[in-house]
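Visitor: Sequence:
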Amino acid sequence: MTETGQARWVVTLTAVVALIMGTGLVVGGAWLISLGDTPYYAVAGALLWLVGVLLWRRDRQALGVHAALLILTLAWGLWEVGPDWWPLAIRMDVPFLLGLWLCLPMVAGRLHARRSRGQPGTASERQATWSLPRALLAVSLAAFLAVAVGCWMYDPHDVSGTLPAAPRTASAASDPVPDADWHAYGRSQLGQRYAPLAQITPANVADLSVAWHYRTGDVRGRPGDPEETTFEVTPLKVGELLYLCTPHQMVVALDATTGVERWRMSLRVQGDMALQHLTCRGLAYHPGASAGAATGTAPDPLAPAMPQPAASAPVTLPVATQSGPRINRCGARLFMPTADGRIVALDPATGAVCADFGDGTGQINLWEGMPHARVGGYYATSPPAIAGDRLIVGGTVLDNVSTRQPSGVIRAYDVHTGRLLWNWDPGRPNDTSPLPPGQTYVESTPNSWSVSAVDETLGLVYVPMGNAPPDQWGARRTPEAERFSSSVVALDVATGRVRWVFQTVHHDLWDYDVPAQPSLLDITSGGRQIPALVQATKQGELFVLDRRTGRPIWPVHEQPVSRSAQHSDRAAPTQPVSAISFEPPRLTGADAWGATLFDQLGCRIAMKRLHYDGRFTPPSVRGSLIHPGNFGVFNWGGIAVDPQRQVAFVTPTYLAFTSQLVPRPDDESLVVQGRNRPQDSLPALNENFGAPYAVKLAVFTSPFGLPCHRPPWGFVAGVDLMSGRVAWRHRNGTVRDLAPVPLPFRMGVPNLGGPIVTAGGVAFLSGALDNSVRGYDLISGKVLWEARLPAGGQATPMTYLGSDGRQYLLVVAGGHGSLGTQPGDHVIAYALPRP
0 MTETGQARWV VTLTAVVALI MGTGLVVGGA WLISLGDTPY YAVAGALLWL
50 VGVLLWRRDR QALGVHAALL ILTLAWGLWE VGPDWWPLAI RMDVPFLLGL
100 WLCLPMVAGR LHARRSRGQP GTASERQATW SLPRALLAVS LAAFLAVAVG
150 CWMYDPHDVS GTLPAAPRTA SAASDPVPDA DWHAYGRSQL GQRYAPLAQI
200 TPANVADLSV AWHYRTGDVR GRPGDPEETT FEVTPLKVGE LLYLCTPHQM
250 VVALDATTGV ERWRMSLRVQ GDMALQHLTC RGLAYHPGAS AGAATGTAPD
300 PLAPAMPQPA ASAPVTLPVA TQSGPRINRC GARLFMPTAD GRIVALDPAT
350 GAVCADFGDG TGQINLWEGM PHARVGGYYA TSPPAIAGDR LIVGGTVLDN
400 VSTRQPSGVI RAYDVHTGRL LWNWDPGRPN DTSPLPPGQT YVESTPNSWS
450 VSAVDETLGL VYVPMGNAPP DQWGARRTPE AERFSSSVVA LDVATGRVRW
500 VFQTVHHDLW DYDVPAQPSL LDITSGGRQI PALVQATKQG ELFVLDRRTG
550 RPIWPVHEQP VSRSAQHSDR AAPTQPVSAI SFEPPRLTGA DAWGATLFDQ
600 LGCRIAMKRL HYDGRFTPPS VRGSLIHPGN FGVFNWGGIA VDPQRQVAFV
650 TPTYLAFTSQ LVPRPDDESL VVQGRNRPQD SLPALNENFG APYAVKLAVF
700 TSPFGLPCHR PPWGFVAGVD LMSGRVAWRH RNGTVRDLAP VPLPFRMGVP
750 NLGGPIVTAG GVAFLSGALD NSVRGYDLIS GKVLWEARLP AGGQATPMTY
800 LGSDGRQYLL VVAGGHGSLG TQPGDHVIAY ALPRP
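Once you know that position 261 of the sequence shown is 260 in numbering that gives the first Met the number 0, the rest is easy, because the numbers rise by one and skip nothing.
You may find that some hints are simply not true.
FRET-style restraints, in silico, Cβ to Cβ [claimed, not checked]:
hint: 1; residue 1: Pro163; residue 2: Leu99; range: 45 to 53 Å
hint: 2; residue 1: Pro82; residue 2: Pro702; range: 25 to 33 Å
hint: 3; residue 1: Asp413; residue 2: Glu557; range: 36 to 44 Å
hint: 4; residue 1: Ala493; residue 2: Asp178; range: 27 to 35 Å
hint: 5; residue 1: Gln528; residue 2: Ser668; range: 53 to 61 Å
hint: 6; residue 1: Val698; residue 2: Asn327; range: 47 to 55 Å
hint: 7; residue 1: Thr573; residue 2: Pro702; range: 36 to 44 Å
Worth flagging that the hints you see were computed from the coordinates, not collected in a lab.
The C-beta atom is built at its ideal place from N, Cα and C for all residues, glycine as well.
Modelling step: build the complete structure from the supplied sequences, incorporating the hints.
Guide: Structure follows, in structure tokens:
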């Protein structure tokens, strides 16, 4: 083929592409108009179709028409979204690239004016007449580039400001943990995730480097693993040792300064478990008779066996003292929640099972008194709370499997013996005396799968409660379930009786469990110190309550919301909204997003077809748009608070979900599993056996798998808890590990995993979905340091002092199964250079 022939084929092929794209936009745009939305896509499609026709005829007017399309698109984009780069870029990407292509000599040089039908002009006429349309096209391209440069320099989502730099309180809630250590999931039972260490500062954090790197050898992908097999642990540091657990029920002790393994204990668990999650977020620690470093004596393999109790639970589980090394008596203790529904007590010095716990079994069987026993259907994914000599345990139940589920009972045990002291059953809330033999707790009550917080001075444990199953349909919930679902409940540590309840969602139809551990600190208000509780929620609120009474410190008002529930159900007329709220803005068609103009159009059509009345739109048979979805603005990682500065470092995430109720023909058929039907013992999630509806839940995404609403999807923010003001907010994270090609665009990505803050004024976060750990200036939110991780960091980091006097930052990188981040088994310690 000659050079001229090749050029003609280029023009012809370009014409065909323009015709195809134009036809698609016209058809999709007409559909969108019928749904009551913008006519832009249909008009743009018609112009693009005309460009294709003119190119087919080799008519230079194609350039002028495309210039008109570019100016129309730019004007429409600025009108809809303003100077916001990413939503504007997606509107312009295909028209702009096609415009650049049309300007090339191989295309533009082959176009001409026509004297009459079918008769091209002479070469000299082509040279004289095609330059004007080409100039118009070049001007329109330049106009977009000018706007793009301006938008790139401007971030409409950024809030610049500063938090107070100096401490503002002389006293804070009592924290008994030594400064060098990290004794609980939130460092202490106060749930602050604050370390009183100041060696790492904004001035030197950029010098952090890897001090040691340990691998557990436990990676997801074993037979029977559920999709959500995750390495979410926050290790403990007690004395010279670190303690962590892995998804497959292994406990490891490491030297905190060198990372050398000191011992490991693999706990045998029941097989064929009906698991939805397989994770261990952490261990609980009790110092025993003498606080301080872990104590214990070596296990005696020849010690006589302790007597075993008669089986009283409806399931038979492995006995810890019969399946591993044991020790007759423990001083300090570690408590490990297992996936088959036990709490095992271990000696921190050796990893041996404490035989003086659980009547010689070394464990508590959480299935005792539990209805509908199915191993894996209930267990503690989060560490128990320690309140004096009481071990307070909740647990998770399977989401949306059946209306007949285990109980959400909260139980307190003696940390030394494992004896049940009280049980608070949300179905029988006024009777907390231990359940008599032969009876069971009330089925399907609200449960607490997250981490509780404790104020030992007030004698209260604060329990974040989930929803009563099933999550998206609540017509048969009892008055007790309505009272305690999606609430913070303060229980008396001594008796288990309810002292107060604060409900964060009324008649929850969205799986808006209270997901995060409450954070306890003292807040100065009106010249006096108020013992406060800060509770982050999935729907984006930060409720700040007086932890003595549950009354709001910062105002809470009831906001009217959509009441369009399914006919057999109801929706609450109002929902509580805090003065400190990260509520996402209401979505409109202008928020539709995708990789190109075409999948953005698909998302816009899908958005208009879904039922949507703003936040708290109930699920429906038609299908509802839920924003935020049950991933949550905040999830189990929670927030971090600085009790001296009285500020919070928070990580809001915004992802919309779809929720569709599917009528059930009976109580046995699988109606929403599709091809992902469960194998072996895995549960049939979202079937809601016993309810009239199953539910289809999904992230609201484009055909290319991108969120169907515009970024940012993730931020970091600083909140002044004394004034109730959001001082700063910045988009956080890049799409480097989420996009098909590794482009480090800082679009703001979702986060799962909590932050920590330090007295040195530096905050740390590893949970963003871009395989990075970052250090931030707590005062301004500026990123000061960043390191790449070998896997997803969906866990909360921690920090401590080693025996060499250096402050270490510890990050767990193991990935998250359902989020698809890189799996791994990494534990990485960072430190400043040795002096």
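Visitor: Given the hint of 36 to 44 Å, is the C-beta distance from Thr573 to Pro702 inside that range or not?
Guide: holds, 37 Å
Visitor: I want to verify a distance hint. Is the separation of the beta carbons of Gln528 and Ser668 within 53 to 61 Å?
Guide: holds, 58 Å
Visitor: Could you check the hint for me, namely that Asp413 and Glu557 are 36 to 44 Å apart, CB to CB?
Guide: holds, 42 Å
Visitor: In this structure, is the beta-carbon distance linking Ala493 and Asp178 contained in 27 to 35 Å?
Guide: holds, 30 Å
Visitor: Assuming the hint says 25 to 33 Å, is it satisfied by the Cβ distance from Pro82 to Pro702 or not?
Guide: With Cβ atoms ~28 Å apart, the hint holds.
Visitor: Starting from the hint 45 to 53 Å, judge whether the C-beta atoms of Pro163 and Leu99 obey it.
Guide: holds, 50 Å
Visitor: So does Val698 sit 47 to 55 Å from Asn327, Cβ to Cβ?
Guide: Given a distance of about 52 Å, which is inside 47 to 55 Å, the answer is holds.
Hint compliance for this structure: no hint is broken.
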